[in-house]
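When you get a sec, could you build the whole thing from the sequences and use the hints?
Protein chains in written order, with my numbering: chain A, 1 to 189; chain B, 1001 to 1232.
Hints should not be assumed to be uniformly reliable.
Facing chain A, according to a computed beta carbon distance under 8 Å, are these residues of chain B, among others [unchecked claim]:
hint, residue
1, Pro1012
2, Tyr1019
3, Asn1115
4, Val1188
Calculated from the structure, these hints are not laboratory results. All C-beta atoms in this analysis are idealised placements derived from N, C-alpha and C, irrespective of residue type, glycine included.
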Amino acid sequence: MTPYPEGGAPLVATPSQTVGPFFHLALGPGAAISAVHAAASGRIALTVRITDGQGAPVPDAMVEIWQAPPPAGDRSGAEVEPCGFGRLPTGQSGECTFDTVRPGRATDGRGGWHAGHINVCLFARGLLRQLHTRLYFAGDPALGGDAVLDLVPADRRSTLLATPESGRTDRWLFHLRLQGPDETVFFDV
Amino acid sequence: MSDRRNLAGSQPSLQYSPYRSTEHRAPSRPMIRIPGTLSDLCAPVYGWWPIGEADCDLTRQHDDEPHGQRIVVDGRIVDEDGRPVAGALVEVWQANAAGRYRHANDAHPAPLDPNFTGAGRTVTDADGHYRFTTIKPGAYPWKNHENAWRPAHIHFSIFGSNFQTRLVTQMYFPGDPLFPYDPILQSVPDERARRRLIARFDLALTSPEWALGYAFDIVVRGPDATPFEQRR
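Shown next, in the form of C-alpha cells:
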C-alpha cells in the first residue's frame, strides 16, 4: 500500500459501515465473551438493555464492554482468559448479561481520577457508526469528582448510571436508550 | 467513530434517512467530546482468543469446498500516519455465493451451501498484513425500499492496538452496478472515501488457475491521544 495514495495527503480512516443484522456469524465459539473478569470475589452480573426511539427492545445489537483488566494473578484457567473485555449480542429482550467485577475508582495518571466505570461500545443494524458511552454505578460517592462526568450536563448524567436490580449489590442494569427524552449520553472519543 | 473526526464527509452520519433502520436507532443529541487526556480507551487490548488454522480460509472449514468464485482478499492495516498495525484482530463475515447468510434471520429464498459458513478471523503480522481465502459473496435483496439489493460485500471488524481504533466496515467489489442504489455505501458523503471501501482487483495477488486476487487496505484512526505523537 502507498502510505499517501492521494497526492501526498495524509491518510484518513476508512469509513465505518453498519455491522448489519448478521454479525452473529462472527460471534462463534470463543468470540462471544461474557466472562470479563476472573476474580473469585466481588463479581457482579451486569445486564445491558438497549431500547430504540419507540421504547422497543433492540434485539440485534452487539455490545462490547471494556474495563481495566484483572490483576495478573487472577487466572481462571479458561481457554480464553478474561481480560477486561466482553462482547455479546442482545437477545429478543434487547438485553445481554456480562459476568464481571465492579471496577473501583482509578487514577488517570495525570493528577485526576475516574469513578469506577465501564466503557461500552455499541454496534447494531441502523447504526452507521459505533457508539461509545461509559456506565457508572448509581450511588457511588466518587461520581461527584469524575472528570468525564463533569463534561456531561447535570440533567443528563443519570443516563449513564447503572442501577442495582432488586436492591442487590451483585446485579446491575444499564439501560441504554438510543433516542428520546432520556437518550443516553454518547461520547465522541 | 466521532463527528469530530468526520473529516470532509469521510464517515457516515448517524442520521441518514435513506437507510430506514436509522430512523428510531440513530441518536439525535450531539455527542460529548472526551479529550484524549481523559480517555482510557487508548490502553492496549490483550487476550485475544485462539485463532484456528482454517479460520482465515473460509473455503476449508467443511468436508467439501463451497460453491462460488474462489478469491483471495489481501491487504494491510495502517493508522492515519501510515504505520502498520501489527497484531490486529481482523474478523470477516459474509453471504454465500447465492447471496444467502447462514443466519436464522435471513429469509432470502436462495440456497444455503452446506460447505460454507461465511465467517473467518486472523491477526495481522508485524507489517500489518492480513489475508483471507474465501468465495465471492452474492448480492442479496433486503426490505429497505422497493426492489432493494445490497451490492456484494464482506463485513470487516478490526481491533487495532486500542479501543479508539475500533472499526467495523464493509468491503465491496469493483464495478458493482448496485453502488448508486445502496444507501449503506452512499451514507458516506465523500465520493473518494466511498472508493476506499471498494477492493481493487490485483493480478499480482491472483493465483494462476486457482483464485482471483483483491487488495483491500484499511486505515484505522491515528493515536491522537498520545501527546508526543502530534498529528500532522
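Cross-check of the supplied hints:
Given the 8 Å rule on beta carbons, the hint for proline 1012 of chain B holds: about 4 Å separates it from the nearest Cβ of chain A. With 8 Å as the threshold, the beta carbon of tyrosine 1019 of chain B comes within range of chain A, its nearest partner Cβ sitting at about 7 Å, so the hint holds. Checking asparagine 1115 of chain B against chain A by beta carbon gives a least distance of about 15 Å; that is not within 8 Å, so the hint is violated. Because the closest C-beta pair between valine 1188 of chain B and chain A is about 4 Å apart, less than 8 Å, the hint holds.
In summary, the one numbered hint that this structure violates is 3.
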